[in-house]
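Engineer: Listed here are the chains, written in short residue letters.
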Amino acid sequence: MKNTALLTSSLLAALLLAGCATNPATPGTQVAAERLAASIVPGRTTKAELLATFGKTKSVVFDSGYETWLYQSPAGGGRFAEFVVLIDPSGVVAKTRQRAPAAP
Amino acid sequence: MRRFLPLLLLFVAALAVGGAAAQEPVAKVNVSTTRDPVDKSYRKMIQGMERFEREHAFAPQAPLRFQLLPRTPDVKMDGITLRVAGDTVSVPVPIGPGNSFILPRNEQALREDAAVLANRKTVSMTWRALIRTPGLPPDTRRLGDLRLECRVGTEAGLVSNNSQMFAWLSNALLSADHVCNSPEGNYLFFADRPLFGVRLRAGDRVEVLPFNMLYAGGDQTPEMLRFCDCQVLLDRTYYAPLWDKTWPDDTLVEFAYMTDAAPAAQAAP
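Just so you know, the protein sequences line up as chains P and L, in that order.
For the first sequence, our numbering gives the first residue as 68, with consecutive numbering after it.
For the second sequence, our numbering gives the first residue as 3, with consecutive numbering after it.
Quick caveat, the hints were computed from the structure, so don't treat them as lab data.
Hints should not be assumed to be uniformly reliable.
Not everything, but these chain P residues come out facing chain L in the computed CB check (under 8 Å) [unchecked claim]:
| # | residue |
| --- | --- |
| 1 | L103 |
| 2 | F121 |
| 3 | K125 |
| 4 | S131 |
| 5 | L137 |
| 6 | E149 |
| 7 | V151 |
| 8 | L153 |
| 9 | R164 |
| 10 | R166 |
By construction, the Cβ of each residue, glycine as well, lies at the ideal position given by its N, Cα and C atoms.
Take the sequences, apply the hints, and build the full model.
Structural biologist: So this is what it looks like as structure tokens:
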């Protein structure tokens, strides 16, 4: 049992260190804010059109059938604005929202 | 750490299963205890209530309730009954609106290290402290209320995993002071309905929370979700910047939902 605890501790420490070195998850495909705003129309744009136009990006799919997709727009100085798209269960964009880049 | 913790739990689970299989048979010891290891401890919940009293300044106008929320897809949230159960004592706990309740004080139950039991499988629900200042605008919470919910909920041992196997890990990583005071804290809040965005407002200062503070970080895989008490509430989940003292306790946390409320829900008090 002591050996198991020791092994657990050692592997846990290794895993913690490995976790610190892991890159963060893909933050989202980068697309200019103007292009996103001009291309995505709530109530009309479909998921297939988003994929064809901008490619895959970070997304979360919910049990309800809704999905949220995240795009990032370069804002200079290594900062990014967020553009979030809500896709309804029928595959049509329901809403969009934007988040200004964090202050430098 | 937020992203990493579910992976860690998976790892420890796998290790424990492997270790148990490799061990030699050992002498059987019978231990008499009232509480199942994963049931809620009455003593811990009372400790949470005591923390609420000590730190009530975060939310001076708000009362304390606790709330039951669904964790697994099959759990029915209607008709739940709750009681404090010790060796000789059993105290019914009335369930109020939204499956919330006030936990009564009972010295006998404290002495007997009682459990707080619902008529549901323990792992089918998740529990939270519910601290709401009355009179806030619709679709908002108050940051000080959330700060206190985190402290009370963590102190009360409400956020737990499926097995006592994780208890040592919880103690090491999930103390209230760590979780509620650190940007690496991982205390999840649940909005009333599926969220599309969350915004903070303090006077003229307004900021939208980044995507990675919604949906439990936005990178939960199905395997990780099994170990998250956001399993069926993922679309209602958000983190709040509890640690960031530049946001005062009176900061409003404003919600934009995925869909408009149904007329009946809008009319509800």
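Engineer: Go through the numbered hints given earlier and state which of them the structure violates, listing their numbers in rising order.
Structural biologist: 1 and 2
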